[in-house]
Amino acid sequence: MHRPGLKNIRFWSQLTATIGTNAYLTGLKTGSIYTSTLKHICVPTLNCYSCPAALFSCPIGAMQVTVAGAGGLDLTALHTIGARLSAIATSLPLLVIGFLALVGGIVGRAACGWVCPFGWFQELLHKIPSPKFAGPKILRYLKYLILVVFVFLLPAFWLDEFDGGEPTFCKFICPAGTLEGGLPLAWLQPGLRSQLGWLFTWKAFCLAALLVMAVFFRRPFCRWVCPLGAFYGPFNRVSLARIEFDKVNCIECGACSKKCPVSLDVPREVDNAECLRCLECSNVCPKNLIKVARR
Amino acid sequence: MNSSPQNERKLPIPTLIVLLLALILVFIGYNNGEHRSYFQKAILVCTQCIGLG
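Residue numbers (the numbering used here), protein chains in the order written: chain A, 1 to 295; chain B, 1 to 53.
Since the hints were derived computationally from the structure, they do not count as laboratory data. Check each hint, because a few of them may be wrong.
Pairwise CB distance ranges, derived in the manner of DEER restraints [said to hold, decoys possible]:
1. A:L188 <-> B:L11: 45 to 55 Å
2. A:I251 <-> B:P14: 28 to 38 Å
3. A:W187 <-> B:L16: 42 to 52 Å
In this text, a Cβ means the ideal position worked out from N, Cα and C, and glycines have one as well.
Please model the entire structure based on the sequences and the hints provided.
Put into structure tokens, the structure is as follows:
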């Protein structure tokens with residue numbers, strides 16, 4: 001039994017979230033960014049706060065900024081390590097961690113599947129006709145490394161020339177920042193273009209590589225790189241909502257795995273840390289064996 | 001009034017701990033004024049995010 005209604009609901013949810021979090025039209029006209037009250041609030045998804053249209057803050061950016069606010073740790077200045085660690089301990093991004101844990105504790109990784117603009121963009125790219133590949137499973141662990149190293153350790157311990165930490169994930173990796181912030185601002189502010197150097201080239205390369213990969217692989221950024229996905233993933237094990245799968249009556253038709261946007265072997269892997277809880281599997285299951293339930 | 005078994009089911013301890021801990025962190029973080037620190041960053045163009053360095 002196919003239930004097309006659910007697919008439409010998810011599409012509209014992704015569209016609404018994308019527009020709703022990026023509705024500052026003045027920014028798109030003038031190349032400025034929104035600077036008022038709503039930027040105190042983080043969205044539960046990756047959404048660059050330097051996007052001219054962004055109304056809210058990015059949780060991964062906010063995490064790095066809070067950690068980096070401790071001033072970083074100069075490993076060559078051993079006498080200051082205690083003081084630096086103390087500063088970092090009191091500068092942990094508790095508000096953002098708490099907010100994300102609350103979202104994860106209620107719905108697990110569903111924010112990735114239902115409201116993430118960058119995840120949705122990858123899904124749209126994957127619709128381009130081409131050969132499709134699953135990709136190596138081992139790469140799924142890369143995002144946990146990126147979360148620990150680029151979101152926490154480097155912003156905390158790597159000082160810049162002004163003795164401060166830096167948002168290293170935003171600086172060296174984040175393709176959403178390039179797509180939503182870098183490219184539109186470079187387009188809208190001609191004066192900015194002349195200042196762009198190797199870092200912009202590197203980030204543009206990362207973005208281009210990822211977008212090309214998204215045509216051939218399902219949501220490669222979400223599966224292999226996204227630190228927010230790495231943060232949410234483990235909450236699938238304890239969240240209030242869970243996916244219930246009736247294995248006994250499964251006829252192993254494979255329809256669910258074929259449809260899964262993160263290439264899971266659904267009968268064996270549904271609701272693990274990689275599951276986005278998008279319910280595409282539930283949508284196509286001919287026996288209606290996959291449901292949302294309360295833990 | 002009879003309650004169904006579904007309604008009687010209690011919240012698992014790990015889920016309860018996660019949700020309570022999350023609320024406590026939000027409360028502490030908000031009281032520390034963390035939202036103001038990232039607001040200060042978010043209202044300026046993030047040079048790192050856009051690739052200026």
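Quick rundown of the hints versus the structure:
1. A:L188 <-> B:L11: 45 to 55 Å: holds, 49 Å
2. A:I251 <-> B:P14: 28 to 38 Å: With Cβ atoms ~33 Å apart, the hint holds.
3. A:W187 <-> B:L16: 42 to 52 Å: Holds: the Cβ-Cβ distance is about 48 Å, inside 42 to 52 Å.
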